[in-house]
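Visitor: Produce the complete structure using the sequences and hints provided.
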Amino acid sequence: QQQVKQSPQSLIVQKGGISIINCAYENTAFDYFPWYQQFPGKGPALLIAIRPDVSEKKEGRFTISFNKSAKQFSLHIMDSQPGDSATYFCAARRLLRDDKIIFGKGTRLHILP
Amino acid sequence: EAGVAQSPRYKIIEKRQSVAFWCNPISGHATLYWYQQILGQGPKLLIQFQNNGVVDDSQLPKDRFSAERLKGVDSTLKIQPAKLEDSAVYLCASSLGPSIHFGNGTRLTVT
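Note that the protein sequences, when read in sequence, are chains A and B.
For what it's worth, my numbering labels the leading residue of the first sequence as 1, then goes sequentially.
For what it's worth, my numbering labels the leading residue of the second sequence as 1001, then goes sequentially.
In short, the hints are calculated from the structure, not lab data.
The structure presented is a predicted model; accordingly, all values stated were derived computationally and were not measured.
Positions of the beta carbon are idealized from the N, C-alpha and C atoms, including for glycine.
Be aware that one or more of the hints could be misleading.
[Claimed, not checked] A few chain B residues that face chain A, going by a derived Cβ cut-off under 8 Å, partial list only: (1) Val1055; (2) Gly1103; (3) Gly1105.
[Unchecked claim] Listed below are the simulated SDA-like cross-link pairs for lysine to any residue, each with C-alpha atoms no more than 25 Å apart in a straight line: (4) B:Lys1078 - B:Arg1009; (5) A:Lys105 - B:Lys1083; (6) B:Lys1044 - A:Thr87; (7) A:Lys71 - A:Asp31; (8) A:Lys68 - B:Pro1098; (9) A:Lys5 - A:Lys105; (10) A:Lys42 - B:Gln1041.
[What the hints assert, rightly or not] Over 12 Å on every C-beta distance to chain B, these chain A residues come out as not near it, computed from the model: (11) Asn67; (12) Gly83; (13) Pro113.
Guide: Below, the structure is given as structure tokens:
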């Protein structure tokens, strides 16, 4: 089965630091790459997403960097805050083909106060 | 805009019993998904509906799991009989376009 590989599995960052989570995908047919944030007891919520025709997208403190040739993308959280402590999932989706979406296994992020 | 509603929030059953989960998607969302999320893992798609038709159920264990979406709105997911390995959070989600909206899930514990 096609995979989306996410790393690291867990991450501890000091308040104010930069959190970086990486993902790699295998299939070039994916055309939409979202990141989801999940708090305990809640469902995942869309955080930010990018299409492969751009190399970077920024929304507030959250930035996606996308490398199409390497089939890799990453989430950067600038000025990380304790409220950012959550599990983050990357995903790859084939919107224009069969609308299949595959999730990474998640990264548990903990921001130290 | 109301979110995706799911019930119940928690369910504890013994193995070999049956259980059903209910989902009400966001109004107007044609696509509805059921995901299984085991602790420490990403969501795994069980079944995807487009209106009331099944788009993808390739990972649904059809010998024990069933799902329906009558009238293209609400949906139910049933497990019969349940196994210990079915213990997980069952997430319903809906979408209209690229954004998928998740409910808060039903946490199932099979003892």
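Visitor: If a hint holds in the structure, say so; if it does not, say that too.
Guide: A quick look at each hint next to the structure:
1. Val1055: holds, 7 Å
2. Gly1103: Hint on B:Gly1103: holds, closest Cβ of chain A at ~5 Å, below 8 Å.
3. Gly1105: Given a least distance of 5 Å, the restraint on B:Gly1105 holds.
4. B:Lys1078 - B:Arg1009: holds, 15 Å
5. A:Lys105 - B:Lys1083: holds, 23 Å
6. B:Lys1044 - A:Thr87: holds, 16 Å
7. A:Lys71 - A:Asp31: Cα-Cα ~11 Å, so holds.
8. A:Lys68 - B:Pro1098: Holds, because 19 Å separates the two Cα atoms, which is no more than 25 Å.
9. A:Lys5 - A:Lys105: holds, 7 Å
10. A:Lys42 - B:Gln1041: holds, 14 Å
11. Asn67: holds, 21 Å
12. Gly83: Check passes; 19 Å lies beyond 12 Å.
13. Pro113: Holds, since 24 Å exceeds 12 Å.
Every hint, counting from the list given before, is met by this structure.
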